[in-house]
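**Student:** Heads up: the sequence lines are chains A and B, in that order.
Under the working numbering, think of the first position of the first sequence as 2, with each following residue one higher.
Under the working numbering, think of the first position of the second sequence as 108, with each following residue one higher.
Any given hint could turn out to be false.
[Said to hold, decoys possible] Heads up, simulated EDC-like pairs for lysine to aspartate or glutamate below, C-alpha to C-alpha not over 16 Å straight-line:
| hint | chain 1 | residue 1 | chain 2 | residue 2 |
| --- | --- | --- | --- | --- |
| 1 | B | K129 | B | E189 |
| 2 | B | K129 | B | E182 |
| 3 | A | K106 | B | E215 |
| 4 | A | K109 | B | E189 |
| 5 | A | K92 | B | E210 |
| 6 | B | K159 | B | D178 |
| 7 | A | K109 | A | E68 |
| 8 | A | K55 | B | E210 |
| 9 | A | K92 | B | D169 |
| 10 | A | K106 | A | E16 |
| 11 | A | K109 | A | E6 |
| 12 | B | K122 | B | E210 |
| 13 | B | K129 | B | D178 |
| 14 | B | K120 | B | D192 |
| 15 | B | K159 | B | D137 |
[What the hints assert, rightly or not] Just some of the chain B residues that point at chain A, by a computed CB distance under 10 Å:
| hint | residue |
| --- | --- |
| 16 | Y142 |
| 17 | G145 |
| 18 | Q148 |
| 19 | P150 |
| 20 | D163 |
| 21 | Y179 |
| 22 | G216 |
I should point out that these hints are in silico values taken from the structure, not numbers from a laboratory.
Built from N, CA and C at the ideal position, the CB exists for glycine as well.
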Amino acid sequence: GIQVEQSPPDLILQEGANSTLRCNFSDSVNNLQWFHQNPWGQLINLFYIPSGTKQNGRLSATTVATERYSLLYISSSQTTDSGVYFCAVVKGGAGAGSYQLTFGKGTKLSVIP
Amino acid sequence: AAGVIQSPRHLIKEKRETATLKCYPIPRHDTVYWYQQGPGQDPQFLISFYEKMQSDKGSIPDRFSAQQFSDYHSELNMSSLELGDSALYFCASSLVRVGNTGELFFGEGSRLTVL
Numbered sequence: 002g003i004q005v006e007q008s009p010p011d012l013i014l015q016e017g018a019n020s021t022l023r024c025n026f027s028d029s030v031n032n033l034q035w036f037h038q039n040p041w042g043q044l045i046n047l048f049y050i051p052s053g054t055k056q057n058g059r060l061s062a063t064t065v066a067t068e069r070y071s072l073l074y075i076s077s078s079q080t081t082d083s084g085v086y087f088c089a090v091v092k093g094g095a096g097a098g099s100y101q102l103t104f105g106k107g108t109k110l111s112v113i114p
Numbered sequence: 108a109a110g111v112i113q114s115p116r117h118l119i120k121e122k123r124e125t126a127t128l129k130c131y132p133i134p135r136h137d138t139v140y141w142y143q144q145g146p147g148q149d150p151q152f153l154i155s156f157y158e159k160m161q162s163d164k165g166s167i168p169d170r171f172s173a174q175q176f177s178d179y180h181s182e183l184n185m186s187s188l189e190l191g192d193s194a195l196y197f198c199a200s201s202l203v204r205v206g207n208t209g210e211l212f213f214g215e216g217s218r219l220t221v222l
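Based on the provided sequences and hints, a complete structural model is requested.
**Tutor:** This is how it looks when you write it as structure tokens:
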């Protein structure tokens, strides 16, 4: 199956700092999503971004599909940004026929006041 | 906007008992997915249904079964529960496009504790 690697595994930030989270994947993808799992366990959609660049407030994401990586940027971090950030992909290509969204291990972010 | 609805949110069972989780997808979404997330783990794909037919299968134990009904809601049935089945169970839905799952939206999860 497709491999998804996220880095760093853990990140501690001072409130107001910026950060970049990385997601590498081992094959072509039809779907790439970024999620934030908050301390209550909810999986919140951040971006649906199989290619290109998107921005939503203090967050932005870029996927370079040809080089098989995606980046999530968090600017002016707040304590409410704490939690685990997951990258997840669906393998693409002819005849892939798979509806599996495969998750990386996540980046655990802690923002301290 | 309507989201994916899961019930119950929490349940506690004894070993060897049976549990049933329910999922109501976003209206007009044609595909439902089930995921299991153990403590400190990433979500693992169990099974999916497209237009009420099983479309893909992951690491779902033989003790588990699922189906999607005519109204598109889905149920995950878990029998002979084991301690290791304690986890957060997510349901997700999407509107599939040609060759693409579309964006998946997840429910808030059902937390199962097996004692």
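**Student:** For each hint, tell me whether it holds in the structure or not.
**Tutor:** So, going through the hints one by one against the coordinates:
1. With a C-alpha separation of about 20 Å, the suggested pairing of B/K129 with B/E189 is violated against the 16 Å cut-off.
2. Restraint check: the Cα-Cα separation between B/K129 and B/E182 comes to about 5 Å, which is no more than 16 Å; the hinted pair holds.
3. Between the alpha carbons of A/K106 and B/E215 the distance comes to roughly 19 Å, so the proposed pair goes past 16 Å and is violated.
4. Between the alpha carbons of A/K109 and B/E189 the distance comes to roughly 29 Å, so the proposed pair goes past 16 Å and is violated.
5. As the CA atoms of A/K92 and B/E210 are separated by approximately 14 Å, the hinted pair is consistent with the 16 Å bound.
6. Proximity of B/K159 to B/D178 is assessed by CA-CA distance (about 9 Å); at most 16 Å being required, the pair is judged to hold.
7. Annotation: proposed proximity of A/K109 to A/E68 is violated, straight-line Cα distance about 24 Å (limit 16 Å).
8. At most 16 Å may separate the alpha-carbon atoms for a hinted pair to count; A/K55 and B/E210 meet this at roughly 15 Å.
9. At roughly 25 Å between alpha-carbon atoms, A/K92 and B/D169 are farther apart than 16 Å, so this suggested pair is violated.
10. This hinted pair does not check out: A/K106 and A/E16 have alpha carbons roughly 24 Å apart, beyond 16 Å.
11. Simply put, A/K109 and A/E6 have alpha-carbon atoms about 14 Å apart, close enough for the 16 Å limit, and the pair holds.
12. Taken as a hint, the B/K122 and B/E210 pair is broken in the structure, with Cα atoms around 36 Å apart against an allowance of 16 Å.
13. The hinted pair formed by B/K129 and B/D178 meets the criterion: a straight-line CA distance of about 12 Å does not exceed 16 Å.
14. Taking the CA atoms of B/K120 and B/D192, the gap is about 10 Å. The hint holds against a cut of 16 Å.
15. Simply put, B/K159 and B/D137 have alpha-carbon atoms about 8 Å apart, close enough for the 16 Å limit, and the pair holds.
16. At its closest, the beta carbon of B/Y142 sits 8 Å from a beta carbon of chain A; the interface hint therefore holds under the 10 Å criterion.
17. For B/G145, the interface hint is violated, the least distance from its beta-carbon to any beta-carbon of chain A being 12 Å, above 10 Å.
18. Annotation: interface hint on B/Q148 holds; nearest CB of chain A at approximately 8 Å, less than 10 Å.
19. Hint status for B/P150: holds, given a least beta-carbon distance of 5 Å to chain A, under 10 Å.
20. Because the smallest distance between the Cβ of B/D163 and any Cβ of chain A comes to about 5 Å, under 10 Å, the interface hint for this residue holds.
21. Checking B/Y179 against chain A: minimum C-beta separation of about 15 Å lies over 10 Å; hint violated.
22. Proximity of B/G216 to chain A holds as hinted, the smallest CB-CB distance being about 6 Å (cut-off 10 Å).
Figure legend: structure checked against the earlier numbered hints; hints not met, in rising order: 1, 3, 4, 7, 9, 10, 12, 17 and 21.
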